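Participant: As they're listed, the protein sequences go chains G and Y.
End of the first sequence sits at 1582 in this note's numbering; the numbers just go up one at a time, nothing left out.
End of the second sequence sits at 425 in this note's numbering; the numbers just go up one at a time, nothing left out.
Keep in mind that the hints were calculated from the coordinates and are not lab data.
Everything numeric in this text was worked out from a predicted model, so none of it was measured.
C-beta: ideal position from N, C-alpha, C; glycine also.
Mixed in with the good hints, there may be bad ones.
Unchecked claim - Between beta-carbon pairs, the in silico distance windows are: (1) Y:P101 x G:R1426: 36 to 46 Å; (2) G:Q1521 x Y:P9: 49 to 59 Å; (3) Y:P306 x G:L1522: 26 to 36 Å; (4) G:L1530 x Y:R286: 32 to 42 Å; (5) Y:F238 x G:R1426: 53 to 63 Å; (6) Y:G167 x G:I1466: 50 to 60 Å; (7) G:A1451 x Y:S322: 46 to 56 Å; (8) Y:F48 x G:P1445: 52 to 62 Å.
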Amino acid sequence: MGLRSSPFIERTLVLSMTIAELFSAGSTDWLRVNSRLRTYWHTLIAVTTVPLLTVAAIAIAIFEDVPVVRFIGVVSIMVIMIFAIWAWVLATRRVRSIGYRLESRELKVSSGIMFRRVVSVPFARMQLVEVSAGPLERAFSLASVQLHTASASTDATIPGLDPERAAEIRDALAVHSATPAAATTAGL
Amino acid sequence: MSDNFSRPQHTAPLTPILQLVNGSPIVLVAFFAVGLSWLFLLIGVIFLVVGGLGYWASWRKNFFWINEKGELEARSGIFFRRSRQLRISRLQSVDILRPPVARLLGYSSLKVEVAGSGDSRVILSYLSVGKAQELRSEILSVAKEEQAFTQSAERENHWQWRVPNGRLVASMVLTTSTFFVIVVAVASAVIALRVSGLVALALAVGGSAASLAGITSLFNFSVGRNERGIAISHGFFTTAHYTVSPIRIQAICLVQPIAWRPFGWYQIAINVAGTEQSGKKSGPRFLIPVVHEDALPELFRELLPSWNLEKEDEWLASATSSRWRFPWQAARLAVSVTPNLFMVRSGALTRRLSAAPHERIQSIRITQGPWERKLGISRLHADSVPGPVRLNGRGLGSSVAVHTALEELDRMFTARESQRSEQW
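The following block holds chain Y by itself, in its conformation from the complex (with noise of 0.2 Å):
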């Protein structure tokens, strides 16, 4: 173990620069809207100056260190001083971010998050590439220590799976919102294109970019496993790293909308456990944005091994009188109740089969609204942790949902004492 984190020191000494970079588009943007007069050269320059002293003031009062307790401590603050101390043997995820601009120049943030509720998050800017991935194997490795290992926390993944970026943008393009959005985007560029070519294609060229631009953020998608969890990467223009424990994975759902079945592709969401703090998403929402079902299998054994998908034929279907509420997925409808899992199966043009084990459930709800009343069904929520997943078992007779409440009641009280050891 090294000692090179144990004295107080500051982040990389080009930080105020990258932030006074980060926080001054708005600076810029007027430069170029109000044309280079004198006047606005003069107060983009102050802005500049002092918000580059602000910068610089609080950059050299900020401190971060690993204490003699183990202990990652971070203090901030010109006139309030702020010291925050995050238990490393409680560490949830420490994740390198590479915002643009400080990626151009080889600087990356560290956000460490620690288990517990409010302030358990510090993000680190700027740190060199270097110094925040020898930061961050220090963590893991204090980590480690902490918890009884001896060996030192060396990143590497045991087993890696990459996404093409061809095979994720032609994916994207066929989901069914993104489709949409592009057929507009070009129709309406063609029928305007009469009234004025530019600015019509323009048009075209922006709407499809719009849809396209949240596609970056899945670039070199690449998920993996290695002795602190399941390790996904992705990002063009903003590089996340995320490490989650599995036992944080509380449920999954796999998607696919109907433009994938010619090519048979699938994409894992999944909800994580502890990522979302007031409202801010935080974690990752796919476990793969998307993949071939041939490569399911090998998925599903080397990082969801205990969640067994494949029993399909206890199926309870929804009631017939359903197809009145759900004319296009009532056939589709279903919900099951196996030995580990809740499972929930939906969607007409869009498949979905969501799927969560029973001990990850946090409560059992059933809604029936006037006309699910005068049908004779009813809903069934499995609730799960806030994410992209949610378990809703629709359409379904009310007795079955009754009785399918009361089984899974019986599967949450005693999946919940025998999991445990399903660690990593």
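Chain G with its partners taken away, still in its complex shape (with noise of 0.2 Å):
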């Protein structure tokens, strides 16, 4: 199975590596997401803006003698689009800065382009592995997978996979979660 490099040159390319590289998921052992999960960002941009849009020209529209209203209306459809078209933009890089690597005792997934972070899960500490898929995110055959430890804050979530690898990797964290900390020597 391809998911996981052997533990020793892992082990020495994480050593050897920059933080741009760390944070950057440049190098290409971060394995990453796929590129349809911009399509989808797309799509979410679009769905969520056109009927906002829509509300603010028809209260222009509607209330077209009120100064107020009107000034609103068009502000708020300036901010709108401001936002709208800022992450349309960067939907781009975005999906780009996403990498994530299953090593032999833990889970790194790195994202951000202007708030960069690495977290790095170690499977022991693995409570729950969730894969999900809303309705949008189906039409696009994509899910995502979240890891869930004891605390609030390990924030280690991979979207945009193919549902075949999404369970693959599920499948892959199970077997660490359903071992004792005790097997972590395994290895391959």
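Assemble the dimeric complex from its two separately framed chains, guided by the hints.
Facilitator: Right, here's the structure in full:
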């Protein structure tokens, strides 16, 4: 199974990695998510902004004579547009920034453009692996895998996975959660 | 072992009345707000009667007992019957709660929690104080038996530490936030005194009282040690008792606001595992709200023997550039990986020293915002269970953060296996 690299190689790689590599997920060792995630996010942006814009436009049309409503309407349309365009443009880079690695004893997830983060969750701390796919995600045949620990601040979610891939990851993780901590030396 | 609780029984007969009194302050307030007109008196009486009957009916359908399988079984519900079984062998805590009205009449509630997610908690309201204590020790002794102990679970503290109420009030007044609230209240009172003396006085008293109200919940604070673990109890109007197994303490933080420094006072905040269910806090937040530094060694020896905070020589300091991001506390920011603990030092005005054993850290995160990237620094978070303590190493040089994270992860992998013997 190509999910894991050998412990030896991964260890030396990690140690020689600079912070930039660790953060950017730029190295080939980081597994990437499906690029359909970008289309999904674009659709999500459209689905949420279009109704808002419509409401604002209708409000302006109805209360044409009331300057306050017109002003608020125009401002909110501009604000919504700016946020939507911003999110639209950044979607590509956001998708590319997401990376994950299933290592011998832990899962690492990295993401973010402006605010970057890397989280590492040892398998022994894992309480629950959740595979989820909302209706819109299913339409793009995407799924997310989320790892839960006893801490609420552990934020290890991998979005934009093929459903089969998500199941594969879940099964790989489930093996670890089923075996007690002592079995971590088993390696491959 | 007494046979007392093996048969289904009700809570105290006074329960409906107590629940009514607890549930009807709105009605009572409405009385006084509107004045005692006959109409409102009538509505109020109807409310009380209907409510009372409702509480009485539900009380009649409420039973609890300890069944043969060693479970605390609780049945309730008038229309929808509900039955819950808590496995006493998986007991996490059994606490006596004493809400104000019930306390006046000598009644209390018993809160029983077992390990497990979801429906793992039962609160029995109300029981006479004697009965609550009896049931509590019964549950404890069942739990003990299940764990192959023979000795009766007498709740006797082997060691105890009390916080004097005077020092508690003094220390709380001297915390930075309370201090500001009181100063603002008094200042605005003084300014407004010329407008209307009475209103201003009320404002000042109200402002101070509001900030002091929280303190009464920590009155009569005592922390001790018995066979079940660490026993914490506190409260003036509502008393709370907690018994926490030391293994459930996931992280601690020594806190010292600036005004405590001359007195040498410290506070110890704790994160306790399994106390936050659906966002509601139900566990203790402090091991001790205020303690003099001379008593710290004894406290650690008795309550946290495996937590060794002494070794402070190997601190990894923050990067010099971090003073552009954290101007006040940059010099104090540091992390340390000791053989047993991950430690974080922070705070300029309020100093904090947080620590968590490697085996109880859930995950490691490194984060970096745009400004931090400019300065070449990163944050290293060691995630703990929800609670007041956060291990958040800020201002670290990025490569230091990464290498510390890797070292900490290594410790986390190995620590999990060697731990385990540290039960009470």
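Participant: Each of the hints needs a verdict: does it hold here or not?
Facilitator: Hint by hint, here is what the structure shows:
1. Y:P101 x G:R1426: 36 to 46 Å: violated (59 Å)
2. G:Q1521 x Y:P9: 49 to 59 Å: The hinted range 49 to 59 Å is violated for G:Q1521 and Y:P9, with Cβ atoms some 36 Å apart.
3. Y:P306 x G:L1522: 26 to 36 Å: Holds, since Y:P306 and G:L1522 (Cβ atoms, about 32 Å apart) stay within the stated range.
4. G:L1530 x Y:R286: 32 to 42 Å: holds (41 Å)
5. Y:F238 x G:R1426: 53 to 63 Å: Because 57 Å falls inside the window, the suggested range holds.
6. Y:G167 x G:I1466: 50 to 60 Å: holds (56 Å)
7. G:A1451 x Y:S322: 46 to 56 Å: Holds, at about 49 Å.
8. Y:F48 x G:P1445: 52 to 62 Å: violated (44 Å)
Going down the numbered hints, you'll see the structure goes against 1, 2, 8, while the others check out.
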